[in-house]
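Okay, here's what each chain looks like letter by letter:
Number of protein chains: 4
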Amino acid sequence: MSGNSFGKLFTVTTFGESHGLALGCIVDGCPPGLPLTEDDIQLDLDRRKPGQSRYTTQRREADQVKILSGVFEGKTTGTPIGLLIENTDQRSKDYSNIKDQFRPAHADYSYMHKYGVRDYRGGGRSSARETAMRVAAGAIAKKYLKATYGVEIRGYLSQLGPIAIESVDWAEIANNPFFCPDASKVPEMEAYMKALGKEGNSVGAKITVVASGVAPGLGEPVFDRLDADIAHALMSINAVKGVEIGAGFASVAQKGTEHRDEILPEGFASNNAGGVLGGISTGQDIIAHMALKPTSSLRIPGRSVDVYGAPVEVVTTGRHDPCVGIRATPIAEAMLALVVMDHALRQRGQNGGVEHNIPHIPAQRD
Amino acid sequence: MSGNSFGKLFTVTTFGESHGLALGCIVDGCPPGLPLTEDDIQLDLDRRKPGQSRYTTQRREADQVKILSGVFEGKTTGTPIGLLIENTDQRSKDYSNIKDQFRPAHADYSYMHKYGVRDYRGGGRSSARETAMRVAAGAIAKKYLKATYGVEIRGYLSQLGPIAIESVDWAEIANNPFFCPDASKVPEMEAYMKALGKEGNSVGAKITVVASGVAPGLGEPVFDRLDADIAHALMSINAVKGVEIGAGFASVAQKGTEHRDEILPEGFASNNAGGVLGGISTGQDIIAHMALKPTSSLRIPGRSVDVYGAPVEVVTTGRHDPCVGIRATPIAEAMLALVVMDHALRQRGQNGGVEHNIPHIPAQRD
Amino acid sequence: MSGNSFGKLFTVTTFGESHGLALGCIVDGCPPGLPLTEDDIQLDLDRRKPGQSRYTTQRREADQVKILSGVFEGKTTGTPIGLLIENTDQRSKDYSNIKDQFRPAHADYSYMHKYGVRDYRGGGRSSARETAMRVAAGAIAKKYLKATYGVEIRGYLSQLGPIAIESVDWAEIANNPFFCPDASKVPEMEAYMKALGKEGNSVGAKITVVASGVAPGLGEPVFDRLDADIAHALMSINAVKGVEIGAGFASVAQKGTEHRDEILPEGFASNNAGGVLGGISTGQDIIAHMALKPTSSLRIPGRSVDVYGAPVEVVTTGRHDPCVGIRATPIAEAMLALVVMDHALRQRGQNGGVEHNIPHIPAQRD
Amino acid sequence: MSGNSFGKLFTVTTFGESHGLALGCIVDGCPPGLPLTEDDIQLDLDRRKPGQSRYTTQRREADQVKILSGVFEGKTTGTPIGLLIENTDQRSKDYSNIKDQFRPAHADYSYMHKYGVRDYRGGGRSSARETAMRVAAGAIAKKYLKATYGVEIRGYLSQLGPIAIESVDWAEIANNPFFCPDASKVPEMEAYMKALGKEGNSVGAKITVVASGVAPGLGEPVFDRLDADIAHALMSINAVKGVEIGAGFASVAQKGTEHRDEILPEGFASNNAGGVLGGISTGQDIIAHMALKPTSSLRIPGRSVDVYGAPVEVVTTGRHDPCVGIRATPIAEAMLALVVMDHALRQRGQNGGVEHNIPHIPAQRD
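Quick mapping for you: the protein sequence lines, in order, are chains A, B, C and D.
In terms of this note's numbering, the first sequence is residues 21 to 386.
In terms of this note's numbering, the second sequence is residues 21 to 386.
In terms of this note's numbering, the third sequence is residues 21 to 386.
In terms of this note's numbering, the fourth sequence is residues 21 to 386.
Warning: the hint list may mix true and false statements.
For chains that are exact copies, the list does not tell them apart, and a pair is met inside one copy or across any two.
[What the hints assert, rightly or not] Straight-line distance between alpha carbons at most 30 Å, and here's what the computed DSSO-like set of lysine-lysine pairs gives:
1. 69 / 119
2. 119 / 275
3. 86 / 166
4. 275 / 166
5. 166 / 69
6. 95 / 166
7. 218 / 86
8. 86 / 69
9. 95 / 214
10. 218 / 69
11. 69 / 275
12. 214 / 275
13. 69 / 214
14. 218 / 119
15. 275 / 218
16. 119 / 95
17. 119 / 86
Treat the hints as calculated values from the structure; they're not laboratory data.
Bound conformation, chain A alone (with noise of 0.2 Å):
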């Protein structure tokens, strides 16, 4: 179905099932001379594997990514680079149970009707497992952002279930399990994934993702706006069920002399736009949210049929993330900077990086 691909001049294509043999991608376009290892790849993978805490499943997953090609000396050389993780943890597990069952809430029921057959261990291809390669080819968009053009792309988790984040510091995210950048909510968090863990219930969250350093420019006025490939990239995300760009939703209600961001020559005097004006990039943050559903797979027996359309009860034992959202935060960076990075060169490849004469407003404070 060619729809594994994402970008237009840097490209990652995946391929991969969780208990597959392996898992990897193909990263085109990426420009040569960038200093790259294996280790800057692995970072964020790290960052997103599977076991790192109690609140997340236990699947043990290296997830130890070998560079295969595009490298030498230690440097890009323009040609695309193979990547791959081999998948280490594949339990010779019965999976009879669930074979013949479509689970509700999963991709089980919509893959039949499309492909008539489907690799039933552990989700096959719609597993999120097969994120970890848009978390290692994001790692090489981020690596090259941040070397040319000073580029950072972060992101945190903004709500978990019903306690959303009151206040964001940077330096505390890092010091918590949930992504969290408020660390007066991590007790509440770690309390309510305990109670949650206890129900056998799971639940949703929203991740914000922003990228700062961003220069004025980026994107296309259509069709391929950058909110509109930051919400396609967002929105491709395994539970992703909505995204928004700066106030989002809240501006439904908002009336024009709230939401514009009127311009100063100190600085725009807020950022409502998140960033982008007309589909194009204003140098101000880039802010980015999106809404994760609550895990599908259930303790808490649930109504399905089977594939000849008998009802049955259907229970998921095993291990899995009671809030996907909590390992969704790497994820969410990488496909950021999957955009921001290809629509870098775009616009390379449209003015030549020629600087038009125009001022330089500083992005609003906060």
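For chain A, the structure is supplied; the task is to place chains B, C and D on it using the hints.
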């Protein structure tokens, strides 16, 4: 650049500035044999057309579409369909006042950084007028989907500023100028818009679109997910700041037991998924919501800078929609139609129309 | 379907049938700031225009191009350029005689199998007339390449039926109706064409195109090679049956010592490569040849079948080029220009215009 | 640079350098349900494998392919197929001699200008070794086309240096190391190659590929013509300098009455078109020829410059094919298979497999 095309097999490419000679598009990939007349397209264009009520801009555009190619003896031939709309209402207005200004929340500033030049007459390419050709192309997709698959694509205004609808009566939508499906809310909306007009301010809105009768199995699992492409499509519409599929951001606070749509032989028990699981259609209604920001063209002065960086006070006179959302429903329908159409052709390409022997679960009933 | 676009960053999408209302195209991806008028484009259109001499079809088309968008105050804006040519010479002719016939060597039979329908008036979409928009788009690429990189793209007729040229005098090309660079061959060609006309037959031709001044480093190493894209571009022209780069088919009998272009500090010793090595430009002249088949529209009866499978004798009356090659030079130039333009932008996107510190070897001197 | 993908619906993306850790590719878009094993692919890989005879390079590569994803319980699942070949024969050779040299007729010079860096070990990405993954991907396309449509794709060596074949006996091809279909020419070829080896020189070759059983109607009329895509595909193979469809360059001297393939109810009278009219398949055999230049790696010294611009004498030692054409037949078959496969899926997407009620004219009989 090169970002003015949408779709992979059913590809729409548009051109045209609001104050140029004409708007046009090429619809490439429409299967042969579809009966098609200019009236089929005009119908939707007229629904989007300005000047239909006192609540939209009084700019009067005939928006009369011409089919230039791809139709022979009343039927599509499979060759590209060229569509053209000549601009008629080009007042020879004096733009010198805004020529050198960056209007807050407009694309002026980002365009100038991208291109170093802009057609300042009425926003040029960034004008909402660009969406006329999307509606024209979408009308062709809608007709094909209806004729070939019985798919119905409809939409409505689900919120106007602070006023949210409480019920959906499809028959009501055409009876008011707001595309509002809840008759009881119309007087409130009218009063609100009048007050807004006096105030010289603008407001945001929320639009909901639904595709009914879409077969299960459309969409690609990873990057080209049906929901990701819908997010791309809707976020690419002027002024859109957020997109939701099904439960959307409400999923964040939902528990798994609450969100999962249980599957019963007689039908799905709910539709929090919005008709998409794992990026692939389930056969349930595909439901998407989008948030539109308030119009940025206001009579109320705003602070900004000019192209030399000097502070200026910006006042936008002329004819503008106080709420772009009011005319956005046909645009959202069109974009949803383009996505479903493209994936219908892609799926056909992939499986050659094979019907897999899988139970078809009826969509959830309201 | 969806096959009417060419180019990745500089994308040209065309529409239009020979006997429809108009031909048009959208040039998407032209960088902003290029001075562009309709005359710039008309110049090349007139070179391709029919009815210029007694040796081409007497069908008279004004081929007057209109720029509908993308140009503001005399310069490109970076937004899509819409071009339109209205069809003027649509004789209300009776086509009933060919309506149900498959003309040998025409696209009638293959079109009917593909679409189940065809616009039989003058070949519809398969008419050579479709190439007018390629020439129009190519003229824009040519102007940009010349202005920005000093690239010159020129072509000539290198063989007319059995008559091969023996020398190339660029100044001569415009002095005869054949685009023939060898004045000594023109009388022979004239005599040949007259005899051919009497006979009611047609003949093939060979065109050579050259791009001079192309910087080394354009093209991608594997699938999107510069030479592969040139082959794609030229083979996509009506009636073309073969494409060569540099030595082309002569390479088959060459030995390595004979073929390899030795590199001397003062310049390449030869140019068998045709300016491309490993799919990437070397800075030498890019040289391509293409073979055009004889026109299939003949007064001499041919055997065929009708749409019901019954044998028929086909005679094509009306106005046709006895040798399509005579007007093909501007088309070949245009397609070469589109390829070089696209790769120039891609390379710019990839390396941001970095100049590597590598010796520049001068092109081989004739 | 994002140029390592081929195909629109059946998309192949490759990576890997000749002396890197591995070569790999992702085949995206293979329909589900195709029985597929590593042996199916290995078969063609072995036909291309070096060291099969004394007439090809003695470099020994196992070229053992591994399927990493996309196949479950012996059948394709519709998800991307990841293929991997580990490089085994990486002699820790000393490359210092060529490290700083530009070998004549190699990609060294153009690569350095493009990237500013190159993997000089055995040509890196520009090595013919890259074609192994094309053959692997092509084997999947071939199997699908055979199983689903009865399409057969075969090829042969039609000329070796000065030695052209005079007859085609398909059964003969596998009986000699040249893929030569004319047994009477084999001794001549053997003698020629021995002399060539002594001389330390290389020579060019011509390959012919044929697709039989392709339904009429595949291909798009304008830019994505079947023949244009074939030209792109074949010209993208290392060392190819020319491509012909059907009569190819012979068309130049043909008259219309000679070239046109008359259509009789009992079958086409000839096949100068090579199975393609107006860019669309006719149901006749699709016939393409390609010219390969002589290998550029010679023991006979050649003049060149080093990366500092100083003149050097280049001698290429090591193991090289004196005629790359000898192993090129499986590569050409693979590329033709990829094109036909892609267009088969595209056409299916466009017309949903509708069979139009048109007479099917049998292909011309030899």
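Outcome of the hint check:
Taking the closest pair of Cα atoms, residue 69 and residue 119 come within 30 Å of each other only inside a single copy of the chain (26 Å); across copies the shortest separation is 41 Å, beyond that limit. When the C-alpha separation of residue 119 and residue 275 is checked against a cutoff of 30 Å, the pair qualifies only between copies, where the shortest distance is 25 Å, while the shortest distance within a copy is 52 Å. Proximity of residue 86 to residue 166 under the C-alpha cut-off of 30 Å is restricted to the intra-copy arrangement: shortest distance 22 Å within a copy versus 36 Å between copies. Proximity of residue 275 to residue 166 under the C-alpha cut-off of 30 Å is found in neither arrangement, the shortest distances being 36 Å within a copy and 38 Å between copies.
Within a single copy, residue 166 and residue 69 get their C-alpha atoms as close as 23 Å, which meets the 30 Å cut-off; across copies the closest is 43 Å, which misses it. For the identical chains of this complex, residue 95 and residue 166 are intra-copy neighbours only, at 16 Å inside a copy versus 35 Å across copies, given an alpha-carbon limit of 30 Å. Taking the shortest Cα distances, residue 218 and residue 86 never come within 30 Å of each other, neither inside one copy (38 Å) nor across copies (43 Å). Within a single copy, residue 86 and residue 69 get their C-alpha atoms as close as 16 Å, and across copies as close as 26 Å, so both meet the 30 Å cut-off.
Taking identical chains as interchangeable, the C-alpha atoms of residue 95 and residue 214 are never at most 30 Å apart, the minima being 45 Å within one chain and 42 Å between chains. In this homomeric assembly, residue 218 and residue 69 come within 30 Å of each other (Cα to Cα) only inside a single copy, at 23 Å, whereas the closest approach across copies is 56 Å. In this assembly of identical chains, the alpha carbons of residue 69 and residue 275 lie at most 30 Å apart only when taken from different copies (23 Å versus 43 Å within one copy). Taking identical chains as interchangeable, the C-alpha atoms of residue 214 and residue 275 lie at most 30 Å apart only when they sit on different chains, with a minimum of 14 Å there against 42 Å within one chain.
In the homo-oligomer, the alpha carbons of residue 69 and residue 214 lie at most 30 Å apart inside one protomer (20 Å), although the nearest pairing across protomers, at 55 Å, exceeds that limit. Taking CA atoms no more than 30 Å apart as the test, residue 218 paired with residue 119 passes inside one copy only; the shortest distance there is 27 Å, against 63 Å between copies. Taking identical chains as interchangeable, the C-alpha atoms of residue 275 and residue 218 lie at most 30 Å apart only when they sit on different chains, with a minimum of 14 Å there against 45 Å within one chain. In this assembly of identical chains, the alpha carbons of residue 119 and residue 95 lie at most 30 Å apart only when taken from different copies (16 Å versus 45 Å within one copy).
Taking CA atoms no more than 30 Å apart as the test, residue 119 paired with residue 86 passes between copies only; the shortest distance there is 26 Å, against 32 Å inside one copy.
The structure fails hints 4, 7, 9 (numbered hints given earlier, in ascending order).
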